[in-house]
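Chain B: place on chain A using the hints.
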Amino acid sequence: MDFTLSKKHEMARTLFKEFAEKEVKPLAQEVDETEQFPRETVKKLAKYGFLGIPVPKEYGGQGADVLTYAMCVEELSKVCGTTGVIVSAHTSLCCDPILTYGTEEQKQKYLPDLASGRKLGAFGLTEPGAGTDAQGQQTKAVLEGDEWVLNGSKIFITNGKEADVYIIFAISDVQTDARGRKKKIISAYIVEKGTPGFEFGTKEKKMGIRGSSTYELIFTDCRIPKDNLLGKEGKGFGIAMHTLDGGRIGIAAQALGLAEGALDSTIAYVQERKQFGRPIGAFQNTQFQIADMATKTQAAQLLVYKAAQAKETQKSYSVEAAMAKLYAAEVAMEVTTKAVQLHGGYGYTREYDVERMMRDAKITEIYEGTSEVQRMVISASVIK
Amino acid sequence: MKIIVCVKQVPDTKGGVKFNPDGTLNRAGMLAVMNPDDKAGLEAALRLKEQYQAEITVLTMGLPKAEEVLREALAMGADKAVLITDRILGGADTWATSTTIAGAIRNLDYDIIITGRQAIDGDTAQVGPQISEHLDIPVISYAQNIKVEGDSVLVERQFEDSYHLLKAKMPVLITALSELNEPRYMTPGGIFEAYDKEMTVWGRADLKDVDDANLGLNGSPTKIAKASDKVRKASGEQMTLDPEEAAAYIFEKLKEKHVI
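Quick mapping for you: the protein sequence lines, in order, are chains A and B. For the first sequence, the residue numbers in the numbering used here are 225 to 608. For the second sequence, the residue numbers in the numbering used here are 1140 to 1399.
Just chain A, with the same shape it has in the complex (with noise of 0.2 angstroms):
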């Protein structure tokens, strides 16, 4: 077992790293303060191919792996929480599920201008009444003639407004079983923005990763070609489920990079922050809150790292990415919050980055799949 990373792992690191410090972290208080989408920072993130790290040079991606996605999104997230998910969401929410389940046609038409940043991506399941139980789904599509009709609604959505490219979930049929009991089917399906019946509805004023576009999206007799269905009509809710365990792989990703960030900041601030004449990196219960600190985000890095390479090499990779997500979504939690208590009064303040790496943290815990649900999902693999 070898837990160094190759050459080439370690090179996009520092690009990424290089990347996060000269184009991202001068922003970032301002994304959050305003909460501005960073459309020029896209831009750049489309130029230098982050938009696109695993999908295959074929379809107009990077060719590369899930670990150098996952690593993206950490540096990122380490300056960023914003950019961090908007990279992820895109990444694992639409560009994957297009290349896992899209027909050929559907993977030439859509992920070269995906892959590339041409067009950004987005994926809506939430709905009002559809959380954590995606059953309860109540937007609906039907097949008239040679389209899709698309009516409901779905909130939550990030990248909501500035995506382009956008997979949907939707009621294609209710089936009633032996016993007599109706089930709902759902289907997956291909919306392009501008499509006549979606539209916007209300903004997200959210807690954290303010500058990402989190917005209702709205379908009144929207119609779509019939051949936007993505996968087989019906398999829905897996494609859904599967699509969540790679994106769990990428937030998983965004909590450690948070983490990080807090981290390193803490340790940096321990050193120069003097009370009763020394600094406060000198007493001892500041180095034992700093050694939890540490050791907590690389187990969690280990972990989110496993999940990107079980991605990569195994057919299913649920447990491991809900393990990746659980943890590192709770060290970046605790974490950013033990980075604000040793940061004191100055921790609170918008003035140091620590404060909003906090807020940003809360969400990696309910998005994609909340804690209690990626415990739902270990424990069902581990007690059989």
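These are computed hints drawn from the structure, not numbers from a lab. Backbone N, C-alpha and C define an ideal beta-carbon position, used for all residues, glycine too. Keep in mind that a hint or two might mislead.
Unchecked claim - Which residues of chain B face chain A? A few of them, derived with a C-beta cut under 8 angstroms, are: (1) Ala1214; (2) Pro1327; (3) Gly1328; (4) Phe1331; (5) Tyr1388; (6) Phe1390.
Claimed, not checked - Distance windows between CB atoms, simulated: (7) B:Asp1300 <-> A:Glu536: 52 to 60 angstroms; (8) B:Ala1167 <-> A:Ser540: 40 to 48 angstroms; (9) B:Ser1291 <-> A:Met225: 55 to 63 angstroms; (10) A:Glu536 <-> B:Val1340: 41 to 49 angstroms.
Chain B only, in chain A's frame:
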């Protein structure tokens, strides 16, 4: 069109500086990066490639770990890489270095050779022009803009507050300034490709028309008497004065120390 870009792996200024007992730099013990002027030279070559479909060969001389800067150059978009490494070539000054690099370049086809103006570790700005002398081709140094016109290059050479516009027939050697451009980042896909590419590794035996007497530490006319890390002696004198008073004060001090 064929372009050769010479790059050097230099100590990262963010890391510490370590010396060998003979006064030369202990390169193996330091963090390393691509020399900034060389990176600008590579970027200039990449832009020429985009405009005129050139093939870029990036070349370096150094320890085996200098391979890293070549991989970086490939990840940025260079096509081929040549690493010149051999124990016998170690400890080279600018003369021995330029002799070695020219010996390697004699094996290659080229229209333009681009080097950085100078490396941040030696700051001599000699290697580029010396290579051009060895190869008997024209040199245009301190380039701040490069264009190709037919069989010639049109180069703006930085000169104090103005520039000279020079035209030279190819083959030509150009030394680039870091102000020339903002080098691009690598791409993740470029990195993956860079590690799949073959790298040419040459030793002493592969150098053409060079004499052992001009190679390595023994072939280096420059002898380093002493080298040391810069140690700050004191924080200096701090004054708060009006601009006019300050100028007069500084003037007096400089006169006192016979600087002016």
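Please write out, lowest number first, the hints stated earlier that are contradicted by the structure. 5, 6, 10
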